[in-house]
Every structure is written in structure tokens, then in C-alpha cells.
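Once you have looked at the hints, place chain F on chain V.
There are 2 protein chains.
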Amino acid sequence: MAVYTDVSDDDLEAFLKRYDLGSVTAFKGIAEGVENSNFLLHTEKGRYILTLFEKRVKAEDLPFFVGLMQHYAAKGLACPRPVTDQHDQALGELCGRPALIVSFLNGVSLRRPQAHHCARLGQALAEFHLAGQDYALQRPNSLTLKDWPDLFNKIGARANSFSSGLSEMIGKELAYLKDNWPHGLPEGIIHADLFPDNVFFLKDRLSGFIDFYFACHDILLYDLAICMNAWCFEPDNAFNITKAQNLFQAYQNIRPLQELEKQSLPVLARAGALRFLLTRLYDWFATPDQALVQRKDPSEYLKKLQFHQSVNHFQDYGLLL
Amino acid sequence: MAVYTDVSDDDLEAFLKRYDLGSVTAFKGIAEGVENSNFLLHTEKGRYILTLFEKRVKAEDLPFFVGLMQHYAAKGLACPRPVTDQHDQALGELCGRPALIVSFLNGVSLRRPQAHHCARLGQALAEFHLAGQDYALQRPNSLTLKDWPDLFNKIGARANSFSSGLSEMIGKELAYLKDNWPHGLPEGIIHADLFPDNVFFLKDRLSGFIDFYFACHDILLYDLAICMNAWCFEPDNAFNITKAQNLFQAYQNIRPLQELEKQSLPVLARAGALRFLLTRLYDWFATPDQALVQRKDPSEYLKKLQFHQSVNHFQDYGLLL
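Chains as they are written, first to last, in this note's numbering: chain V, 1 to 321; chain F, 1 to 321.
Calculated from the structure, these hints are not laboratory results.
C-beta: ideal position from N, C-alpha, C; glycine also.
Certain hints may be false.
Listed next, the stretches of chain V that the computed footprint assigns to chain F, with coverage defined by at least 3 CB atoms under 8 Å from CB atoms of chain F [unchecked claim]: (1) 15 to 29; (2) 100 to 108; (3) 252 to 261.
Simulated crosslink set (DSS-like; lysine-lysine; CA at most 25 Å straight-line) [claimed, not checked]: (4) K45/F to K75/F; (5) K55/F to K45/V; (6) K154/V to K203/V; (7) K17/V to K203/F; (8) K172/V to K262/V; (9) K146/F to K178/F; (10) K45/V to K178/V; (11) K178/F to K303/F; (12) K172/F to K303/F; (13) K203/F to K75/F; (14) K203/V to K45/F; (15) K146/V to K172/V; (16) K178/V to K146/V; (17) K45/V to K203/F; (18) K203/V to K17/F.
Derived CB-CB ranges, DEER-like [what the hints assert, rightly or not]: (19) D150/F to E168/V: 54 to 62 Å; (20) G46/V to G171/F: 52 to 60 Å; (21) D20/F to D297/V: 50 to 58 Å; (22) A136/F to F285/V: 51 to 59 Å; (23) R295/V to D147/F: 19 to 27 Å; (24) D10/F to D283/V: 24 to 32 Å.
Only chain V is shown next, with the shape it has when bound in the complex:
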């Protein structure tokens, strides 16, 4: 959590000339999102978040992300709405970086979501999946099966220095997922990073999703598997089947899962766990010990992967026939 780019009052004032937001009443760097620089921006017209995109987000992907938020917001879904300038452009440039102003979304992210929060999540996720069906732009997932061998090679032998035998285990898992990858499942726009950090609540009401910068076109069920991994395990990594039942039931109230999707849940749960195990391992070795950015522990996703490896049937996740 850090603000990477320092924006001066002069830079900001020059940038805001393009918008009809009135004069600035407050401007502060905020610790939200790990990949970009985010600022709280209060003006005479209201409250906003200003994001400067740092290098990890590709500039050519930005129209996809911005258009997606506009698409959802136009349909009344709860997410930040991009603010356009006098020429109807949402994306601008500030301090040499692509920059975007979005509306301020009320809500607080939960550290320890409860079972009823998982139901709210399931419902909202299904609504986003349906709302994304007619989104015109395309963006393939750049962190899926085809991309993992490369990431695994970059981590290399260091995996074993993290945990003995881990390298062999990941190699076998990659082979298993390649052989068992499901085909013919419903696809569409997925959020792909819907951790509790990225979901806001106002008391028990889900007030919106944020941080769409991993969104892409992929298997819809994969998004649900990522959510199950992120929301339905306890701090000791025990699986909480009540939370998963709530998640799936609320999701299916909006978009019932097909039989083939249900059958594919165990393999996509493994896939979702491996994806975060790999990126966390990579970041673990890429981040200096002394850095103030808190590294996320890869072992959490190693344990989740091991749990999924022991599961044989989707009913073990609380998903009903």
C-alpha cells in the first residue's frame, strides 16, 4: 500500500482545467490498490478518486477498463463511474502517466467477511456477469493457464527455497490443469481479483466493487472460484462450507450454473489457487524485505491449493446437485 507518484497542486490544477469539477477543496494520497497511485479528490462538485496508472497496468488496456466501468455504471451497477472532461474523454494524462477520475464509492472493505456477506457477494457477482454480456470491448486474460508456465519459469528454483518440494508440486499441478482444463463453459467479462479489499459494504449492504484492472474475458465460473478461495476460508485456512453455500446459492438465484459448470468447479478452484500462489511467490522474491509494501503470504494459497487437490466432487464445496 503506497502512493508512488507525487502530484503537485500546480500539476493538479492544470489537469483539472479540462473538467467541470470546480475548485479543489482537498487532495490526499490514499492507500488503496497496490498497482496504481490513488488520490482522494474533493472539489466544489463532490468527492472523487484520482488514479494515476503506474507501469504494471498496460496503457493499451485502459480503454477496456474505463469503458467497462462506464458500461456497468450505465446499467446502474455499483462501481466507480469514470468522470469525463469537457471533450467527453475519461482518460487524461498527469505527471507523465495515464490518469482517470472516478466517482467516490461509499463503503468499507471487510477484513473478515461473514456468511451473509458471501451471499451479498454471490448476488452482485452474478449481476456483474450478466451485465457484462453485451460489453463490446475484448481483453483476454493475461494470467491464465497459458501464462503460468512462463511465470513459473521466472520463479524457478526459488520455489523450493520457499517450501521444500514446491517446485515439483507446481510442475505436476500445471500438467494436471492442462490435461483437465474445462471447455465449453459460459464465458464473459470477469473481475478476476474480487478479494474482500475490492468489495465495499455499508453495514451489511454491498455498496460496490472497485479495482477493475485485472478484468478480462474468461470463464465466468473461474471468477466464482477466485471468490470462493478469497472469501470462504477462515484465517487458519479451514474451508467454511456455509460461506460457500451462501455464495453459490445467491449467485444461482441470478444466474443458475449449468451441470458442466458445477462439474468444473473443483478444477477451477485449483486453477484459481495456483494463479495466486504463482503471483504471490513471484512478488515474494521480487519485493525487498525492507520495502514498506506488505508482501502477501504465498503459503495461504499453497494451503488452499492442497485443500482443493483433496476434493473430488463439487458437492464438497456446498454446491447442490
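Below, chain F alone, put in the same frame as chain V:
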């Protein structure tokens, strides 16, 4: 600039039970202040800043700081106003740290203040100095003449690794300041860290001071000297006499300086420069290169000190007879 302590929604909710602020609508870590953890807190009742005091601020000093903000706010001066709980207590505890909620102060800090901003600063500083005269609590300055030899010893020979001959120069300067320290000047509560970061403006109006956690009882003119050093030099470290004239004139419109104060400006300008040279040098060697906290460059204050060493008379600073 970083958020050091992570506060969960559960911790926050439990903490806020003591207050009458309604439920939380937003909560985000903000990059404000280097020493403490600061959070933006929006509730049904309004906008606030929550501060957790990390170890650099001494717990026993907190009643002084909090009482001072209450004292200023009660007199209508522009600064954050501490929010009290149902038992009329401002200081609480959160995540094992002393915690304080203050009102949200509108305004933006300036990267490059202009001459007219220095006039606003001078006026507000004099008003704060006068308003502090009847503040009941005491806190001696812990970063003044008596404390510098110790700090200098901790830096030791590394000063010369920063700049050749620096150690000898600082030793001589410490001796000079000890021999020439002014006595009998008006004293009172000073802010002691009134850099542009800590002064908010709304357009050209000064909207308030923040970050009173170096405030203490000391020579009032020393505060003015610190402001001159921080506000009246250009990015290339050239002294801008117009800015200093504006600062002093506006200050004197509210509190005219005594003859002895004017005579003491050159020595206190040197003292103010040495204080920040020493702390920046100390932090320079104490902060790892890779840390995301941006180290402040000691050479800026070395150049300012060298400038002041060449000044003979207060009129050279634009201060009139």
C-alpha cells in the same frame, strides 16, 4: 509517506462505539504526515481524520498536543478540532496505539508557495503565536540547542561520507550557536515544523495548519526563522527576499517584532537550518535505500545554512529597521 498500522473494519467499529459519529461510510489510509498512521474517516455525521500515534510521538506528550488543538479551535483558529467521545475524552486507543479523531480540514498544501502565500502564512503564524500565549500546558522543545550535540554524535563520522568536511563544519556551527544563542526573547507555543506540507490553502486563502506534533514552548522568533527557511527559498536554494519581506511584514501587522528579536534573526535562521540539517542527516542514514519512504535531502538545508553563515544583518532578510 505511508500508512504503518492496518486497522480492520471490526477494530474500527469497536473503537467508534465510544463516539456519536454514526456509522462509517468510508475509511481509507492516507499519505499524510510521516510519523503517524492517518486515515480518512467518513461517517453519517461528517468527514474526519483518524490518527494512530506510532512510536516516534511520545504518549506522555499527547495531552499537550490534543489540548493545544482544542485551545486553538476554541479561539476560532483554523486547525483540526479534536473530536471527543461520550465521556468527553479525545484520546482513545486503537490497535494498541493511542488514537485521535479530528475534524477534516479543507485545503491543499502548496508545492511552490508564491510571495502572497508567504504573507498569508505570516499573518496566521502571528495569530497562532498570540493565541498560544494563555495555553496552560507546557512542553519543552526536544530538538533544540541542548539536544543537537547528542544527535550529532549519533550521526558521527557518516556526516563526512555525505559531504566532505561536513562534520567539522557542524561542530563549529554548534559552538557558534552555543556562544551566540539569544536570551530574553519573547517565548510561547511554536509549531516548530511549519513546512508547506503542514499549511492548507483554499485557492489563495490560508485554510489552516495541521500536524502539531512538534509543537512546544520555545522562542517565537525561532518558528518564524523555520518558516523563512522552508518558504522563502527557491527550488535552486536561492533566497527570495520578496517572500521573506511578505512573511515578516504580515507577521508584524499582528505581532510587531522587538528590536532584540530582529537582531537575533540571523542566528536563529542558522539554528533553524542546522536543526533540519541534523535530523535529515540522521534520517538519511537510518532509512534503507529501498524503503518507499522518500528521504528528504540534507543538502538542501546544508546550502541554506551556508547562506545564513554569509549573512551579517537582519536587513539582508528583508526585515526593516
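Quiz item: Hint by hint, which ones does the structure fall short of?
Solution: 3, 5, 6, 10, 21, 23
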